[in-house]
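Chains A and B, in that order, give the protein sequences. Heads up, the first sequence is in the numbering used here, so the first residue is 1 and it goes up one at a time. Heads up, the second sequence is in the numbering used here, so the first residue is 1 and it goes up one at a time.
Derived by calculation from the structure, the hints in this document are not laboratory data. Among the clues, some could well be false.
Stated by the list, open to error - Straight-line alpha carbon distances no greater than 30 Å define the calculated DSS-like cross-link-like pairs of lysine-lysine that follow:
| id | chain 1 | residue 1 | chain 2 | residue 2 |
| --- | --- | --- | --- | --- |
| 1 | B | 55 | A | 36 |
| 2 | A | 423 | A | 433 |
| 3 | B | 55 | A | 93 |
| 4 | A | 94 | B | 60 |
| 5 | A | 423 | A | 322 |
| 6 | A | 94 | B | 74 |
| 7 | A | 94 | B | 250 |
As the structure is a computational prediction, the values presented were derived from the model and not from experiment.
Residues per chain are reported as follows:
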Amino acid sequence: MIDYFIDPILRAPTWGCMLMCLSSSLMGVIVFLRKKSLLSESLSHASYPGVVLGVAFLASFFPFAEEWAFLVVLIGAFGSSLLGLYGIEWLEKKGKVFPDAALSFILSVFFGVGIVAASALQGSHPSWFKQVQMLIFGQAATMTDIHIVIYGFLACFIVLFLIAVYRPLQAVLFDAGYAHSLGIRATWLERSLFSLLLISIIVGMRSVGVILMSGMLIAPAVAARQYTNRLPIVFFLSGLFGVGSALIGHILSVEGSLHWSTPESRFSLPTGPFIVLVSTAWALFSLCFAPKRGVVFRLARIFAFRLRCLQENILKYLWKKKSSSSKDLHSLHRSSLFSLHWVLRRMVRHGWLQKKCGSYELTGDGYQKAAQVVRLHRLWEVYLTHSLGREVERVHKNAEEMEHILTPDLEQRLTLLLANPKKDPHHQPIPDKYSL
Amino acid sequence: MDAIFHAEELNVNYERTPVLWDVSFSIPKGLLVGIVGPNGAGKSSLLKAALGLVKPLSGKIEFLQQPISRVRQKIAYVPQRQSVDWDFPITALQVVLMGRYGKMGWFGRPRRADREAAKKALEVVGMASYADRQISELSGGQQQRLFLARAFVQNPDIFLMDEPFTGVDLTTEKEIIELLKKQKQEGKTIFIVHHDLPTVEEYFDWVMLLNTRLIAYGPTSEIFQAANLAKTFGKMPTVFDEAASLCAKKMSGYL
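With the rest of the complex left out, here is chain B (with noise of 0.2 Å):
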């Protein structure tokens, strides 16, 4: 199978407890993929152990069979809408220009093509009126399509987004959905961390639940059943919890 996405045997710790536990799976290309699992089951950190934003205590995470560095200018990130300060000093269209930085490189300056670029994906965000507007006064959903907008300009072939639906009305919602299978259509694969568990299987092709340890990952047909859904959401079996920890401590030094 041709992997876009792959992990072997990952384990990732926040300080004393487990995020992700022995976490391996392979995922092939041109797929809209729902990452699901309750809070702090590790979702967001399986995406930023991918960027490299959090570093693995062992085992590996690649894109296209290749160390994350190799394939940066492949991947947008959509972080969470609430990572950032709203409050920040910045117009929209600054805010999506910035995907284009990474080419750029440390001492560049945005070319006129970068500019059309970056209207032209506020365009198809429907925000194309609000370019010039401080990022504050743009509503939750705004905020969103502006980092969507921001992902587009970088033209990637991967999309690994972090809750991009939370405080978000139904319309962007669905509207940023067909955006993105149009995105599918054009062999772009898509990862979105997702908690809503109705609109799971209407979105998705592929999904991994997760929780902790990754319980079943493939098709959303196959996978998305009560068995495997009451395994992801319900408790975790006591022993298991209490080793996991006691291993994380270990590690850490703390016992």
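Extracted from the complex, chain A is given alone in its bound form (with noise of 0.2 Å):
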């Protein structure tokens, strides 16, 4: 394991790959807090044509500087991805174009350009080819330690301009029209974080693959954006995953690749795809599972106010029935049996109930409960018959709902507000808060 990380042919994929994804996972929180995920698909793709010009111009006119080859793809995917922007911007401004639109336009004309280049390639330079070929799909079984150090140092370069200008960022992605207000000049801004964003991109190709290059963006700020609200902590959470999701992706390719080569068949597995593959995982589970926002708390904490509802409702019909069997309360509520007999098996152990005699009754501390979830419906019927005018005939289905959503405070201040009345709209009586 730790070879990974030293060993001298094997350190550089990995280091290199951590960096990269370090800068995109950064970039990534930035276009995903504007809102612009899709920016970063279209501008991966649109480096793609200017990879195969570099290389091909290299091929025919440097035929022999194979190891510069990297530079020129930097250069080549910079100046490709910027005309790309370009161009989607001159679309959406003067061409009066829909941004969506824009955006697959730029996509799918620089890719298909860039396809077709790379075949020509494929004819006139087959040896050079597979240094276009690799950045599709992304390729860190090649990287040396020169990739370590300019991939360290651009991404020390992302991580200390953030930190430079974090407070104006914040306010312009907050609130871009305030920021402009304040002289705080967005379109600066802008351009600096456009250049980095292009050049994270370019820089993270080489590892996950212009195909994939925007879910290594987006997947870490989602995922990060699960767990808090603090803006400096969706970075470096976003940060983090992206890292991580960096070392474990790559680790899966290069131990995919061993286990299934042959002595005869060296078999490589991409790295792109798996880094991409743990990044996304991570973000669906994170969607699903993170405490506050996840699906899974969520839709248990629907749940269990659905499940308060129903106690609520029961204590509030025996309330007023006394005492009634599971028959009855099943034939009233609309709820499924089994729910049903769990909610009374728990009211009964918290002290709400009793069985008597196969029927349920409430117990002492129970008539207290039930007396407040009726006070609260009662209490808000009048609100919305005297301080909102409605018909006296049209509140009880409102306050059917209100009644289990009502807190203390809202309760005492709705005291306040109708000076604690006695009789609901409908002459019934509120039963008093403090009645023991």
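Taking the hints as your guide, dock the two standalone chains into a single complex.
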């Protein structure tokens, strides 16, 4: 395991992937918060023709300079995705094309040109074609120590830049119009952010590949957003998730390649898909299981709320009828037999109900609790008729819902506002709050 | 007259439609001014043009006889509440602290004094206990108070507020107006884009009636009259409408 970090051959791809993914996952937070995720997709695809043309240029004029290919790749990719960016802006502003149309237009045109140029290259310079092909899905295995230095430098630069302009950046991301009114020049910041975004895409391409690059930008940010409401921590977590998925994805692809290789044929799994799979799997997991925002916990809270509503409805019913069998309760409350029995058993256990001769009755404590529900229901009815002027016949249904929602704080405010009323609009008494 | 807010023959277009057409005015200091007109009358665009967020097609608009870039520090903009993403990962205190970013410059850090000022501003608008809340937890009225606190912390001479009372309960609205009247007594000038006609006479000293053209402006008691309101909220004369839209299309090369 430790070999992945220090072994002279293995360490370069490992560190390279981690540094690349660090830059892209940090820039991804910005793209994600600006709701421009599709832009990164278009820009990464738009870089491809530049790569191919750059390599073709090198192949034609400097056929022996293969070790400089990566530099040409960087420059070519930067140039062509910058062109793509201007193209998108031009289409939106001057061409009056809708943003999504402009994005997909640039994506397909540029990538198409890249593919055509690549096949031309395959015919004329087959050995160079591999350099280009590699960038479609990413290939980390051939990285060397010089890549660590370059990618490390870029990652450091991005981190330092983000720390330096953190505050203006936060202001522009949250409220661009206001930031402008303060004199924070959004255009300047935007230009530098776009340049950094392009650089991080291009750098990341080497390990993740053109096609999946936007997944690497967005997935860590999506995951990070699920765990926190603080922007600095979103950045930190996103970077952490990016680096983590790079490491795990890279190791998986190397181990997988070794596992399936035979002495006769070397088998090589591309790095990119593995990294992106790891990071998107983590994003998916986070969307489901993050404590506050995760879908699973939200469903659990919704379910718990439903059970509470059922419990309060049973309390209210028994408050009026004194006693009832579980069969009657089931016919009255639209709920599954299972959850009804579960709630009834829980209410007995908590001391709100007691079972007498097969039917349920409220305990003394249960009676108090039920009176409170009725109180909230009737208070809300009074509020609707007196303060909001709704007709008396139409307030019951709404109060059926609100009785489960009103908090003690809201109750107190209602009591104060309505001068602690004694009767509801249907001339029923409102149970007092302190009737022990 | 010593005008604090002044415009001359201002024209603003959004793509093919004119939003402000030949608008000229000068407004003195120390007033609470309502900018009133129907939807799409260019009220927000007037503020945006004044702040340099929208580039006018022609004419000029300025504060204190100076271009906007010189006086930014003296102006607090309160954008429409719906213009930002309230799910953004940021706390109430940090939003208020943004009011000081203009003075901090690019690489500045907030000092203790800035934090104290932000806390005080939250206290003034009655939100001291919400300082560390995530902004999505705030109600509509609280979000609006938050924006107001952010403007206060800038300590401006001029407030430009875009529909601060939409989605705000009546108590909050009255409280905000009281706070602003207090600011006015300290010599601040406040411009509010407003669309609720019944409260205009109660809130504002001056009023600007806007419907692409500036219909009238001046002291509320003189200007806020049935004839002017009919002009503002009635359909614009069709010939004017057509001519203005033709003009905009010609300018942007569609005709």
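Out of the numbered hints, which ones does the structure contradict? 6
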